Amino acid sequence: APYDTYTVGPEGNLVLTQTAYEPAGLLVFNDILNNPQDMYIKDDLLYVADTGNKRIVRIHMDGNFEVLVSNLLEPTGIHVDENNQIYVADRSAKKIYIYDETLTLIREIDRPLEPIFGLNSPFIPTKVSSGPRGVIYVVGEGSVSGVMQFNQYGEFLGYLATNPTQTSLYRQILEFFNQNLAPITPVSPDNLTVDAKGSVYTTSKTSNMPLKKFNIASRIVLSPAHFGETTPNSVFINDFGNIYSITEKGIIHEYDTNGNLLFVFGKENQQSEVLGLFSKAVDIVVDSNNNLIVLDAGRGQIQILERSEFTALVHEGLKSLNQGIYNVAEWERVLRMNSVFALANSVIARTYYRTGDYKTAMFYYEIANDKLGYSDAFWQVRNQFLQNYLGVFLSIGIVLVIAYYVLKQFDKKYQIYDPIRKTSARLDEFKIYRELKLGLQVFRHPLNTFHYIKHQKKASVKSALILYALYVILNILTVLLTAFLFNDTNLDNYNVLSSFVSSLGLLMLFVFANYLIASLFNGEGWFKDVFIATAYALMPYILFSVPLIILSHAFTLNEVFIFQALLFLRDAWVIILILLMVLEVHNYSVGELIKNILLTIFTMAVIVAIMLLIYLLVNQMFDYFMSIIKEVWIRVTS
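My numbering numbers the first residue of the sequence shown as 1 and each following residue consecutively.
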């Protein structure tokens with residue numbers, strides 16, 4: 001294939017996969033169609049709005065075609081219902097034409113006269129479709145209220161599938177202060193299709209949710225992720241609910257019925273006619289063999305893309321899934337062909353979950369990066385564990401509490417803790433032990449602790465280095481050991497050295513910038529004081545990181561608020577201690593503290609910018625000298 005095919009990998013990003021569809025040939029060549037704008041398939045017969053030739057043609061799979069309707073003005077939309085009635089949207093005529101099976105014109109739909117249509121609303125139909133109960137859906141140029149609905153007699157029913165508007169922060173602020181602003185006009189839909197259940201799918205030229213599924217209440221129930229620079233201009237639903245879209249540049253997306261991306265592929269080629277590439281793709285449909293048929297308005301062609309063996313295997317699995325059949329064997333075959341196919345791992349995980357094998361389900365959910373499913377499975381595992389061992393843990397807890405009070409009484413009478421007290425006293429003889437022990441006082445008396453560090457020299461550079469080392473190690477361990485549910489880092493791409501440099505570098509940058517600003521604005525602390533005191537301000541992180549890592553393995557997403565609150569408290573505590581450190585070490589007032597912190601942050605940003613500039617200049621100089629050396633070498637050798 002002249003294009004690469006991508007799917008969603010375990011981390012939610014696009015990864016290369018097997019070719020999903022291979023170019024199989026042309027169904028219609030350039031001399032038949034002229035700027036066609038729409039296509040519909042029914043019983044493997046293609047109905048095409050041949051816009052440039054002002055007609056509707058029907059094309060058979062062997063390439064034969066017949067003209068059904070001619071003498072139109074600008075047909076841009078075509079649809080055929082279950083009764084073989086043909087609906088044509090004629091843009092220039094500003095009408096919808098409906099023909100019966102014998103090609104007799106049975107109805108025309110003009111601009112509605114009903115007040116709810118809108119006095120100044122335009123009626124320039126470009127696409128048309130129909131759904132259950134004979135409802136006719138029309139997309140119109142400039143129809144900002146959404147898709148127009150008509151009953152089978154051509155009477156206007158109202159609007160559906162209005163695009164939501166996006167409000168900027170600036171506008172929200174103005175509206176908050178009661179500023180009278182012009183209303184935001186929604187973007188009108190470009191194309192649509194209706195599935196068997198009556199749900200309406202629309203495409204729009206919007207950066208946010210360009211492809212949407214609306215229910216009969218006009219609520220958005222699905223908006224699959226779209227990858228690429230251009231928005232889709234056509235959408236199609238196959239017989240088992242898969243969603244297909246194509247952009248003008250020929251980028252094709254295929255989703256399952258839940259909006260999970262299966263494949264994305266294709267690219268534009270306006271210069272040469274390469275099979276599988278398109279000049280201006282305008283529509284996509286799927287035949288009974290699940291092969292893709294693409295209408296290229298730029299070349300007036302219809303191309304066929306044949307489904308690959310791998311895609312057929314995925315489709316069989318999806319059909320079973322839609323019927324409520326969880327066939328592990330089918331999806332394991334998919335994984336044997338592509339081990340990073342995220343949907344396969346997710347389906348296998350759901351299968352094991354349904355059968356009660358929650359630990360295996362957790363394994364596959366983690367591979368699929370499905371945190372919600374993993375959380376549900378882990379909740380079941382945790383629940384079973386608590387049911388089995390909760391009584392044991394409660395008994396152990398009660399025994400420990402009783403033992404604590406009993407031993408406490410024994411100690412009063414027999415001093416059984418004397419060996420521990422003597423060991424602690426001997427450790428107190430070591431200066432480094434006393435210095436590290438000082439870190440515990442920062443929780444109860446932070447200002448006193450920083451006073452001891454500055455004035456009584458109760459801490460040294462050696463103890464500070466130990467605390468910095470512990471901070472960096474715990475920072476790395478937090479990334480490596482935090483449970484999957486609360487860990488957003490891609491461990492496959494995680495660089496320990498980079499993490500070491502960035503975490504320690506940020507601290508040293510703060511120490512240097514803070515001392516620099518303090519020396520300019522009456523700060524009393526020396527560089528050594530700031531260096532040591534900053535290390536002691538990290539004590540909440542050092543002391544509570546390990547318990548938080550352990551807790552992450554005990555919580556599910558139901559307790560995510562508790563876990564995030566604990567993380568926030570730990571980090572906020574560190575920030576508060578840093579502020580108190582600056583206040584005490586430099587003997588500042590609150591106003592001077594705020595000034596110092598703001599200038600410190602600014603100085604850090606300036607230093608980073610200067611270092612980045614130096615790095616870029618050194619790189620350019622290196623490239624320049626290397627080019628000179630290569631030039632000299634070439635001249636010498638030649």
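These are calculated hints, taken from the structure and not from any lab test.
Being a predicted model, the structure only gives us computed values, none of them experimental.
Even glycine gets a Cβ: it sits at the ideal position worked out from N, Cα and C.
Warning: the hint list may mix true and false statements.
List of simulated lysine-lysine pairs, DSS-like, C-alpha gap at most 30 Å [said to hold, decoys possible]: (1) K431 <-> K457; (2) K437 <-> K422; (3) K280 <-> K95; (4) K458 <-> K280; (5) K457 <-> K42.
Beta-carbon label-pair distances, calculated as ranges [said to hold, decoys possible]: (6) H451 <-> S424: 21 to 27 Å; (7) V590 <-> N448: 54 to 60 Å; (8) S339 <-> V381: 52 to 58 Å; (9) E309 <-> L481: 38 to 44 Å; (10) I325 <-> Y404: 33 to 39 Å; (11) I575 <-> R382: 16 to 22 Å; (12) I562 <-> E155: 37 to 43 Å; (13) L119 <-> S207: 44 to 50 Å; (14) L407 <-> L598: 50 to 56 Å.
Measure nothing beyond the straight line between the CA atoms of K437 and K422; if it is 30 Å or shorter, mark the hint as holding.
-> 16 Å, holds
Mind checking the hinted window 54 to 60 Å against the Cβ distance between V590 and N448?
-> 19 Å, violated
Has the hinted range 38 to 44 Å been met by the Cβ atoms of E309 and L481?
-> Cβ of E309 to Cβ of L481: about 42 Å, so the range 38 to 44 Å holds.
Outcome for the supplied range 50 to 56 Å, where the beta carbon pair is L407 and L598 = Holds, at about 53 Å.
Given pair status - K42, K457, alpha carbons within 30 Å = 87 Å, violated
State, for the Cβ atoms of S339 and V381, whether the hinted interval 52 to 58 Å holds or is violated.
-> This hint is violated: roughly 25 Å between Cβ atoms.
Does the hinted range 37 to 43 Å hold for I562 and E155 at CB?
-> Given a distance of about 56 Å, which is not inside 37 to 43 Å, the answer is violated.
Given the proposed pairing of K458 with K280, does the C-alpha separation stay at or below 30 Å?
-> Cα-Cα ~75 Å, so violated.
So does I575 sit 16 to 22 Å from R382, Cβ to Cβ?
-> Given about 33 Å between the Cβ atoms, the range is violated.
Does the Cβ distance between H451 and S424 fall inside 21 to 27 Å?
-> For H451 and S424 the Cβ distance comes to about 24 Å; the hint holds.
Does K280 pair with K95 here, judged by a C-alpha cut-off of 30 Å?
-> 26 Å, holds
Consistency of beta-carbon spacing, Y404 to I325, with hint 33 to 39 Å | At 57 Å between Cβs, range violated.
The structure is inconsistent with the numbered hints 4, 5, 7, 8, 10, 11, 12 and 13, although it conforms to all the rest.
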